[in-house]
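Q: Residues per chain, in single letters:
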Amino acid sequence: MKRRLRDVPWAIAMLLPSIALVAVWTIYPLVKAIQFGHLTCDVTGKKCRDVGWGRYWDVFTSTQFQHSLGVSLKLMLLTVPTGLVLGIGLAVLADKHLRGIGIFRTIFSSTVATSVAVASLVWFVLLQPQIGVLADVFSGWFPVLKNPGLLNDPGTALLAVAFSSIWANLGFTFIIITAALQSVPRDLYESAYVDGAGSTRRFTNVTLPMIAPTLLFVGVVLTTRALQTYGEIALLTSGGPNPEKPTTTIPYLIYGRTSLIHTDLGTKSAAAVLLFLLSLVLALVQFRGLEKRVHYGS
Amino acid sequence: MILLGPSGCGKSTLLRTVAGLEDPTAGDVFIGDRRVNDVQPKERDIAMVFQSYALYPHKTVAANIEFPLKVRGVGKSQRAEEARNAAALLGLEPQLKRKPGQLSGGQRQRVALARAIVRKPSVFLMDEPLSNLDAKLRGDTRAELVDLHRRIDSTFIYVTHDQVEAMTMGTRVAVLNFGKLQQVGTPQDVYDRPATAFVAQFIGTPPMNLLPAGMLGSDSVQVGIRPEHLKLAPGGELHAVVRQVEHLGHEVLLTADANGTRLVSRLEPSAFIPEVGDPVAFDADPGRRHHFDATTGERVP
Chain Z
0 MKRRLRDVPW AIAMLLPSIA LVAVWTIYPL VKAIQFGHLT CDVTGKKCRD VGWGRYWDVF
60 TSTQFQHSLG VSLKLMLLTV PTGLVLGIGL AVLADKHLRG IGIFRTIFSS TVATSVAVAS
120 LVWFVLLQPQ IGVLADVFSG WFPVLKNPGL LNDPGTALLA VAFSSIWANL GFTFIIITAA
180 LQSVPRDLYE SAYVDGAGST RRFTNVTLPM IAPTLLFVGV VLTTRALQTY GEIALLTSGG
240 PNPEKPTTTI PYLIYGRTSL IHTDLGTKSA AAVLLFLLSL VLALVQFRGL EKRVHYGS
Chain G
0 MILLGPSGCG KSTLLRTVAG LEDPTAGDVF IGDRRVNDVQ PKERDIAMVF QSYALYPHKT
60 VAANIEFPLK VRGVGKSQRA EEARNAAALL GLEPQLKRKP GQLSGGQRQR VALARAIVRK
120 PSVFLMDEPL SNLDAKLRGD TRAELVDLHR RIDSTFIYVT HDQVEAMTMG TRVAVLNFGK
180 LQQVGTPQDV YDRPATAFVA QFIGTPPMNL LPAGMLGSDS VQVGIRPEHL KLAPGGELHA
240 VVRQVEHLGH EVLLTADANG TRLVSRLEPS AFIPEVGDPV AFDADPGRRH HFDATTGERV
300 P
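Quick note, the sequences are listed as chains Z and G, same order. The first sequence maps to residues 0 to 297 in numbering that gives the first Met the number 0. The second sequence maps to residues 0 to 300 in numbering that gives the first Met the number 0.
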């Protein structure tokens, strides 16, 4: 016990850098946001008055927030499962000892090094009705690509944003899942093979359970990223096309240039706190729901 | 059948070829009378136990043992029944509901065995199944495997680099080196009449003394003498100086130097034991000497 007490100053000293970082860039803004959520301020931000916790409820029940909540959840449902399935698919494809497989691995993981801005720009150009390659090639099958353009049709805009988002996250998913695949002992596959398991059964009985912890992690990260999608929206659609605003996600509602609450510090702080709670709840649900079914090794 | 040899000699590759995990570049693989070169592993009627045991960590012991049956579409109740029987054979019943992570090394090894047994294969393939166990457990499990072999009466092909396992467990031993088969025979046969100088030195602890050509007899022949046959004899032909004396209780190992050649002799503790630095003379019964060709290493009758 004495020894432990003696260690305390050192422990604090060692932890201090991390504590400082988390405190300044995570805890402080969070506390501040929660605080702002109570306030109504004038345009200058100088004169504020407290409107209490009821603000959160008002924001939550407002049409705009409900609409954005729907958009964010839809985007999440569009991107997370597809992203996971594609990531697993590519990783399994590239997890073979073939000549030149490194080239494919590099290509598949390249989107990790692509910023949201670049990725969005690429898709913006590809989908551009006048000059976009995708628009040119596939417009015969999908006239919407030409008129009004995938990003300009309220029915397809969110889907187009989802494409871009899935593509941009695929490199990350691919790398993490590839690493997980390579840590699966070869013996397990060989043993299953000798016991007569075909490739499908080897996948479901060996691969999936062995990489399940990684999938859970990637799933949580992708979910959080989907809920925080802002850059793609700002660059591709600005939350539009108006007036339906089918791509105004919660982050865009909070922060977007054309958002109606853009200048209202109190309201957008409240919305941000609600978004945080939503991510938290979803992450907890994923961990709680899947933890029992995920095996973390011995 | 034990496949014995030093690491990298090709014994595991041979086993994997029999299993169908590797394709032979030349030659045929027969199981019984059937040529199985083009037969899938699952159709070969074999079961394999891996060095790492290769248990599925996310499945319970019962589910691990049932897996080969499940793959074959055996019904649920029959599967459970047969898994229980296999587990009972190895004393694993109390562990059936646990996961491999909660078991000891010995228990895991047994689960791997049970998973092989449950298939009732005509051939068991085992790749160094004891090498991850501690010494005591290894001894016990060795005896159990011998017992199991007697009870289930299938062919076992067992890969090891441990000559003690080979000698104690094998009906026949195949010694390999550098991908070449050196000798096949009963353990006693291999010990008594090693076919090459390599086999002579690989089997037996301490290894057989191998005298360079010309030291005893002919210039073209190496002479091998097992430590227990190298006797102290005042008028002996081999003169040496004692370098080391090891008292092991039931025996004494005497290491001596004869003009740069290391000689080891195994003596009774009750015999006269010289001290380090003493000059000694050795001799060996001509009938106990092994002769190997100096260039090829092959046995000369």
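In short, the hints are calculated from the structure, not lab data. It should be emphasised that the depicted structure is a prediction, and the values quoted were computed from it without experimental measurement. Even for Gly, the Cβ is constructed at its ideal location relative to N, Cα and C. Treat the hints with care, since some could be wrong.
[Stated by the list, open to error] Cross-link-like lysine-lysine pairs, in silico, DSS-like; alpha carbons within 27 Å at most: (1) Z/Lys31 <-> Z/Lys46; (2) G/Lys58 <-> Z/Lys95; (3) Z/Lys95 <-> G/Lys119; (4) G/Lys41 <-> G/Lys58; (5) G/Lys119 <-> G/Lys98; (6) G/Lys135 <-> G/Lys41.
[Claimed, not checked] Derived DEER-like restraints, expressed as beta-carbon distance ranges: (7) G/Asp146 <-> Z/Ala10: 54 to 60 Å; (8) Z/Gly53 <-> G/Gly100: 47 to 53 Å; (9) G/Asp146 <-> Z/Ser109: 57 to 63 Å; (10) G/Ile151 <-> Z/Leu72: 54 to 60 Å.
Q: Each hint: holds or not?
A: Hint by hint, here is what the structure shows:
For the hint linking lysine 31 of chain Z to lysine 46 of chain Z, the alpha-carbon distance of about 16 Å falls within 27 Å, and the restraint holds. At roughly 26 Å between alpha-carbon atoms, lysine 58 of chain G and lysine 95 of chain Z fall within 27 Å of each other, so this suggested pair holds. Only pairs whose Cα atoms come within 27 Å are accepted, and lysine 95 of chain Z paired with lysine 119 of chain G is rejected, the gap being roughly 33 Å. This hinted pair checks out: lysine 41 of chain G and lysine 58 of chain G have alpha carbons roughly 21 Å apart, not beyond 27 Å.
For the suggested pair lysine 119 of chain G and lysine 98 of chain G, the alpha carbons sit about 23 Å apart, so the restraint of at most 27 Å is met. Distance hint between lysine 135 of chain G and lysine 41 of chain G is unfulfilled; the C-alpha atoms sit about 34 Å from each other, more than 27 Å. Judged by the Cβ atoms, the range 54 to 60 Å given for aspartate 146 of chain G and alanine 10 of chain Z holds: they are separated by roughly 55 Å. Against the hinted window of 47 to 53 Å, the Cβ-Cβ separation of glycine 53 of chain Z and glycine 100 of chain G comes to about 51 Å, which satisfies the hint.
The hint said 57 to 63 Å for the Cβ distance between aspartate 146 of chain G and serine 109 of chain Z, and at roughly 58 Å that hint holds. Between isoleucine 151 of chain G and leucine 72 of chain Z the C-beta distance comes to about 58 Å, which sits within the given range of 54 to 60 Å.
Taken one by one, the earlier hints fail for this structure at numbers 3, 6, listed in ascending order.
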